[in-house]
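Can you build the whole structure from these sequences, using the hints too?
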Amino acid sequence: MNDIRILGPLILLLITGCGGIQAPSSEASPTPQLSGRLELTGSSTIAPLVTEIAKRFELKHPEVRVDVQTGGSGKGIADVRNGTADIGMASRALAEDEQDLTIHPIAVDGVGIIVHSSNPIPELTAEQIVGIYRGESNNWSEVGGPDLQITVVHKAEGRATLEVFLEYFDLENPSIKADVIVGDNEHGIKTVAGTKGAIGYVSIGTAEADIQAGVPIRLLPLAAVEATTKNVGNGSFPMSRPLNLVTADSPGDLARQFITYCQSEEVHDLVVSQYFVPVTP
Amino acid sequence: MNSETRNDRLSLSFSRRFGPELATVLTGIPALVVAGMFGWILADILYHGLTQFSWAFLTSAPEDAGRQGGISTILVSTLMILGITLIIVVPVSLATAVELAERRSRSVRFDRLVRRSLDVLAACPSIVFGLFGNAFFCVYLKMGYSILAGGLTLACMVLPLLIRTSEQAIRAVPDEYRHAAASLGLSRWTTLFRIVLPAALPAMAAGLVLSIGRALSETAALIFTSGYVTRSPESLFDSGRAMSVHIYDLAMNVPGGNPRAYATAATLLIVLLVINGIAVRLTRIAGLTLNPSLEKNH
Amino acid sequence: MTWWSRNTSSQSRRDLALRWVARASSVLSAAVILLIFLFLLQEAAPALANIGISRFFTDTSWHPLSAQFNLVPMLMGTVLTTLGAVVIATPLGLAAAIYCVYFAPRGLATWYRRLIELMAGIPSVVFGLWGLVKLAPFIGQLGGSGQNLLTAMIVLSLMILPTVMLTTCSSMAAVPPELLRGGAALGLNRWSVVRRIVLPAARGGIGVGILLATARAVGETMAVLMVAGNVVEIPTSLLDPVRTLTANIALEMGYATTAHRSILFASGLLLMGLVACVALVAEVRKRSPHEL
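Protein chains in written order, with this note's numbering: chain A, -3 to 277; chain B, 434 to 731; chain C, 60 to 351.
Hints are computed from structural coordinates only; laboratory data are not their basis.
On a predicted model such as this, the values are computed, not experimentally measured, just so you know.
Take these hints with a grain of salt, some might be off.
What the hints assert, rightly or not - Here are the computed distance ranges between Cβ atoms for each label pair:
#1 A:Thr98 to B:Arg542: 54 to 62 Å
#2 C:Pro150 to A:Pro101: 50 to 58 Å
#3 A:Gln29 to C:Trp170: 53 to 61 Å
#4 B:Arg542 to C:Leu174: 39 to 47 Å
#5 C:Leu174 to A:Pro234: 46 to 54 Å
#6 C:Ser113 to B:Asp608: 46 to 54 Å
As the list claims (entries may be wrong) - Residues on chain B that point at chain C, a partial pick, calculated with CB under 10 Å:
#7 Pro524
#8 Arg549
#9 Met685
What the hints assert, rightly or not - From the derived model, a few chain C residues whose C-beta atoms are all more than 12 Å from chain A:
#10 Ser71
#11 Arg78
#12 Val86
#13 Leu97
#14 Met135
#15 Pro259
#16 Gly266
#17 Leu297
Note that the Cβ used here is the ideal one computed from N, Cα and C, for glycine as well.
Quick look at the structure:
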């Protein structure tokens, strides 16, 4: 009985909430303004950036709603294929069995090797990195560092950064002997920051942002090129990946407009503010 | 039998000698350890969170992927999702708990089946709830990423917890109450709502608080159902980001998002405190107290 | 308990309605798990048909992209972390609950309870974050990164403690005061009252609490993922990393395609089977000594 008394107003609220606002802007606007709803799903790396772009797009076109969801590159691609989403987000190039889709690059992201900031090692050669990840070197003294056990931080199978890393160093995933396997970029960074002997690889933009915020990690140069977003931008840094929007054959008018907007110079400041490198198609 | 009595006598004399003092220490130390660990976590959240906390943080929308601005829209979404969950889950679990606790001798097999289903449901990983909710509510029932789908998914998730705690609460009401009611010729309805449920209310409130906590703390199930959109929801069919999802995104996905993640966690704590306070107040109003101890009984 | 099925004379229409509402709700509640089961089965069917269950146990390793699908290390991971968490949380939770209800000063008990209720609502991400940033480096002083079985057990036990404690508290509070007074009248001191009267009377409720906590530990995803190290190997010490089935699903689901995705759903089914076994064992054990 008490429950009914408590629930009563809540149910009322629910009903009014349902009825009051159920028809969102369905009437056609007199001006040739854009209207409608776009659904995006996919890579959690790209989602924060596209959320910010969508916000600015909605300000420009008040009748438009752009809903950005996350869940991973794989989900983005699957959702575009089965039509659940208008646009997918994938933080990698398309695989061989995904060539039926079209990609629209909106930014580039470098992948850099990180160690704890107290680790004095200046640089590692490709062979040394391969040796460490294969478990052939287990102590930093073997690669010219202090006497400290190496903790190998690796990414979970299927992650875009992992694929870039394996491809660059020509490694097979089953041959890698990891001590910790992480999911998201920040997971990797927090692990390396908490372990003096750790080595890992993460998005350079993410690492730069965290170094600025005082997180105790250090980016190592790769093939004598400093790991900075600037070097990723001018193409001299060798290990990087595209951040793509993905569509099926014929995206609608609204989707096309949004993609064009995402690639335009108007949003380059947002790309930079999310620590990625803008591209011009 | 004989040795058992002797054992009893031995332990009786033992407890007479060392009785309360030793027991207080023996149970007090684990209690202290638990409080210490929880205190560490709480202090961590509050220390990092409260420096960011302000009125503006509660009343402005998130900006720059959550690194700037506040969480007003996210608070709205969270409370809407929680509202849906409670509206669904409270009546259903109350009725199920009544069925399980009050009618168990009628069809043992049916009740056992229900109970076992609930035990398995309780252990489903939250990510499975997320995937199921996405496939069933969002896609199959065509709700899309929405507050409604999120609330329904959470309802499925806290269902076993609330049923089990309510069942236990109802079952703990002494049979004498029921016998007395039956001998007075009261109907089942009257007995249940006037006698059994009021007596079970404090323990049920504890279960409800646990369930709300579980719902508010859920992340994985909500990313796939109520979604990631930070805009303020305009209807129940809009996607809206819950606080726990926001915390996850800021802590694990957005570089430099840590301070706001902690601030959001601190806010969540405050929301939880308020809700717990309301639950306690409500049971007090019903004329009962949540904390019966031996003092009262002596 | 058949008290009302006998007094049919006073059965009003409301009583009938009550019975049907209660019955319908139970069917609905039970149907949820059936729906989830069917959903998992449908998604897992391709893997079960094409790969077969036996390969989940006989393959050499877990490398889904290289078509190696051994789930055993992760099954072990789930079992070990859950067991560890329950073993840590049960005595702590019981003792703390007894202290809180019967030995703590009243004011302290209220605040203590408030604290525990608060902890029940902390998102697993926050537990995970604390474990990753504070606890793991602390345990890492023993060697490695500190993301290992031990850390996972500790974090998980903290997460299930509120469930153990609060259900124990409320089932102890529900012991009829007459019993306590009777005990006191017999000259038993407080500890004896607790040990001989309260604990036996509250056994059922405490058991349910531990069962719920176990279930929570098996199903917990995010926090474990953040502190367990996630390497797919059967651990040989407490300081070895482990990956649980749930962490595996969360880590790989977003990126998995076709066959791999289907196997992740199959591992979800496996998890459900595991839990069904636990629940079954608990129920059989509960019924055999004496009916509740």
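Tested hints:
no.: 1; hint: A:Thr98 to B:Arg542: 54 to 62 Å; verdict: holds, 57 Å
no.: 2; hint: C:Pro150 to A:Pro101: 50 to 58 Å; verdict: holds, 57 Å
no.: 3; hint: A:Gln29 to C:Trp170: 53 to 61 Å; verdict: holds, 57 Å
no.: 4; hint: B:Arg542 to C:Leu174: 39 to 47 Å; verdict: holds, 42 Å
no.: 5; hint: C:Leu174 to A:Pro234: 46 to 54 Å; verdict: holds, 52 Å
no.: 6; hint: C:Ser113 to B:Asp608: 46 to 54 Å; verdict: holds, 52 Å
no.: 7; hint: Pro524; verdict: holds, 8 Å
no.: 8; hint: Arg549; verdict: holds, 6 Å
no.: 9; hint: Met685; verdict: holds, 7 Å
no.: 10; hint: Ser71; verdict: holds, 16 Å
no.: 11; hint: Arg78; verdict: holds, 18 Å
no.: 12; hint: Val86; verdict: holds, 21 Å
no.: 13; hint: Leu97; verdict: holds, 20 Å
no.: 14; hint: Met135; verdict: holds, 16 Å
no.: 15; hint: Pro259; verdict: holds, 32 Å
no.: 16; hint: Gly266; verdict: holds, 27 Å
no.: 17; hint: Leu297; verdict: holds, 15 Å
In summary, this structure violates none of the numbered hints.
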